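Chemist: With the hints as extra help, turn the sequences into a complete structure.
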Amino acid sequence: MNTPAAPQYSAHERRSRILAIVGASSGNLVEWFDFYVYAFTALYFAHAFFPSDDPTVQLLNTAGVFAAGFLMRPIGGWLFGRIADKKGRKTAMMISVLMMCGGSLAIAVMPTYATIGVAAPALLLLARLFQGLSVGGEYGTSATYMSEVALKGQRGFFASFQYVTLIGGQLLAVLVVVILQQLLTTEELREWGWRIPFVVGAITAVIAFYLRRSLNETAKESNLKRKESGTLTELFAHHKRAFFTVLGFTAGGSLIFYTFTTYMQKYLVNTAGMDPKVASGVMTFALFCYMCMQPLFGALSDRIGRKTSMLWFGALGMLCTWPILTALKTVSSPYAAFGLIILAMAIVSLYTSISGLIKAEMFPPQIRALGVGLSYAVGNAIFGGSAEYAALGLKSMGMEEVFYLYVSAMCGVALLVCLLLPDLRKVSYLNDED
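In case it helps, our numbering puts the sequence shown at residues 540 to 973.
Derived by calculation from the structure, the hints in this document are not laboratory data. Hints are not guaranteed to be accurate.
Cross-link-like lysine-lysine pairs, in silico, BS3-like; alpha carbons within 25 Å at most [said to hold, decoys possible]:
#1 K766 x K626
#2 K759 x K626
#3 K626 x K779
#4 K759 x K691
#5 K779 x K846
#6 K625 x K766
#7 K764 x K625
#8 K779 x K625
#9 K816 x K868
#10 K934 x K868
#11 K766 x K779
#12 K691 x K846
#13 K625 x K759
The structure displayed is predicted, hence computed values, not measured ones.
Modeler: Right under this line is the structure:
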């Protein structure tokens, strides 16, 4: 790995690479909208699949299914990482978005517990496992593609658009729910309105598929044909340290990310006692601001270095999570809640803006999609996927503060791991390819 001088891109080359970022990130947005719409509509469909007199029990069941989808991510990270390293990034991204389309369509037309009994939650679980497989492959392949196509010297800025569209997918999911809340009554949302976002997701996934068909491949033919490309043997024989380093900081990053995004709406409703519509509005504006932060923090990493950004993330996440969650617990004003959430999201942005890029810089091209996708998927499945379930479970046992400590401690782990990182502005496998 070395640090060659920044290449001089022609106007055509710059335009071509920027359009590739737009094309890849558009599909990424649709993938994550389809995945997150489940979390934001759970308040309305939980009763349809898990009958119970206790709303917290219903949410625990739906959160369990949400977490189960994460368990498929390591398999998706391995499968699509292998496809991307063997057959190309473009092929893998096209397959993943089609799979997400199928999962969303299945949920949109799925019968309820009242119609088919226990088969309903079983089918819901199956659909979420299918989507989890898709998303498990999406992250690694899109992170790899966008990092490879990004302009050298501005990689942090351009690669940050992976999380712009990832958060944009969440934002769009929240926005659709807010619009439906204005157009439909709560009863209509509980009866049939919750299905509409899943229909929207299936349709837009088809559009994303055609957008991705127009992308240029970034993987070189010589790398795709190498025998060791995309194999676990190559990954663990020669890049084991990089794998476990990524796993270490992904654990804390995923946990705090899901705490302040997908779980936060429920936290505001169930813990702070906020009206669901008000909570949805707060999260809509908060996610929009969070999305806009990503290019700023990505560009910051181009100036101060990826390692410095990660060290600040780990330190601030460890020190600030407990006081922020404690303050949110007793907040009465939605404006105060918004301010606290934005503060937390700014801290998380130090990680998310460069999440895909910092991983891609640590693996060579013949093993990059697998290395990025599998290490992320394992950490994300264990810690990100269980975040909401752990939070609700500890709350039901009257030990909600233990969850605050858990998130803070995992950010501390990320800090310790990142102390071992090299300066990736100077030492990066991506530098060798320009």
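Chemist: A separate judgement is required for each hint: does it hold in the structure or not?
Modeler: Hint by hint, here is what the structure shows:
no.	hint	verdict
1	K766 x K626	12 Å, holds
2	K759 x K626	10 Å, holds
3	K626 x K779	23 Å, holds
4	K759 x K691	18 Å, holds
5	K779 x K846	19 Å, holds
6	K625 x K766	9 Å, holds
7	K764 x K625	7 Å, holds
8	K779 x K625	20 Å, holds
9	K816 x K868	18 Å, holds
10	K934 x K868	12 Å, holds
11	K766 x K779	19 Å, holds
12	K691 x K846	17 Å, holds
13	K625 x K759	10 Å, holds
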